[in-house]
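Could you build all of it, start to finish, from the sequences and the hints given here?
Chains A and B, in that order, are what the protein sequence lines are.
Note that our numbering has the first sequence beginning at 1008, numbered continuously upward.
Note that our numbering has the second sequence beginning at 489, numbered continuously upward.
Everything labelled a hint here was simulated from the structure, so no lab data went into it.
Virtual Cβ for every residue (Gly too), placed ideally from N, Cα, C.
Be careful, since some hints might not be right.
Unchecked claim - Cut-off 20 Å, straight-line C-alpha distance, at most; resulting in silico cross-link-like pairs (DMTMM-like, lysine to aspartate or glutamate):
id, chain 1, residue 1, chain 2, residue 2
1, B, K529, A, E1071
2, B, K567, B, D584
3, A, K1056, B, D584
4, B, K532, A, D1015
What the hints assert, rightly or not - Some chain B residues judged to face chain A by a derived CB distance under 10 Å, without partners named:
id, residue
5, Q525
6, S585
7, Y591
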Amino acid sequence: AQSVTQPDARVTVSEGASLQLRCKYSYFGTPYLFWYVQYPRQGLQLLLKYYPGDPVVQGVNGFEAEFSKSNSSFHLRKASVHWSDWAVYFCAVWYQGGRALIFGTGTTVSVSP
Amino acid sequence: ETAVFQTPNYHVTQVGNEVSFNCKQTLGHDTMYWYKQDSKKLLKIMFSYNNKQLIVNETVPRRFSPQSSDKAHLNLRIKSVEPEDSAVYLCASSLDSFQNTLYFGAGTRLSVL
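What follows is the structure, encoded as structure tokens:
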């Protein structure tokens, strides 16, 4: 079955340190991939999206993600985390022919001083 | 800048009551969605409308019914709420129903006592 997996439920990182959030998808073709962020008591906001092309995608607020077809992955990275990055991050996939975004289970990022 | 508006922000009710949630988008999009986010932050697609036509209807209890008067509005009615309906209901819109970015409202938090 088509699915997207975020193996880390919670990640704690020190302010100024680098961050990587993992996302793996299950699909035989090439999906369209997204990362969204949800700040407390808010809806989801788009960080970046991947359409078939350059595997490295730049997003907002210094985030980037890299698509790997061989690893079926779309990991999110940030070089230096700020306290305002404290939020829940969702990976999502839209399969060709699909009619809605399918979300992973989310990764909560906590930032320590 | 908010372009998907949901009302109310919060709603507390008792088991068996009927509730309605409203959603309006000002982006000129053709497609709108309802997602349910449970207490563990899991996001599940419930319904999707494209130009007032239902195109996605996931397995949800029959007490849930979407209502669309025009492509800018998509409401959600729950006929007789149950305790397991306590969740955040997120409305979203996209340009069309194919692999596009979703724009989310801030959500309606429902508590069923």
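### Interface hint status, B:S585 versus chain A (Cβ within 10 Å)
5 Å, holds
### Task
Go through the hint on B:Q525 and say holds or violated, using the shortest Cβ distance to chain A against 10 Å.
Holds - the Cβ of B:Q525 comes within 10 Å of chain A, reaching about 9 Å at its closest.
### Task
With a cut-off of 20 Å on the C-alpha distance, tell me whether B:K529 and A:E1071 pass.
23 Å, violated
### Query
Does B:K532 pair with A:D1015 here, judged by a C-alpha cut-off of 20 Å?
19 Å, holds
### Message
Can you confirm whether the C-alpha distance between B:K567 and B:D584 stays at or below 20 Å?
### Response
29 Å, violated
### Message
Checking one constraint from the list: CA of A:K1056 to CA of B:D584, max 20 Å. Satisfied?
### Response
Between A:K1056 and B:D584 the Cα gap is close to 16 Å, so the pair holds against 20 Å.
### Task
Grab the minimum C-beta distance from B:Y591 to chain A and call the hint holds if it beats 10 Å, violated otherwise.
8 Å, holds
Checked against the numbered hints given earlier, the structure breaks hints 1, 2 and satisfies all the rest.
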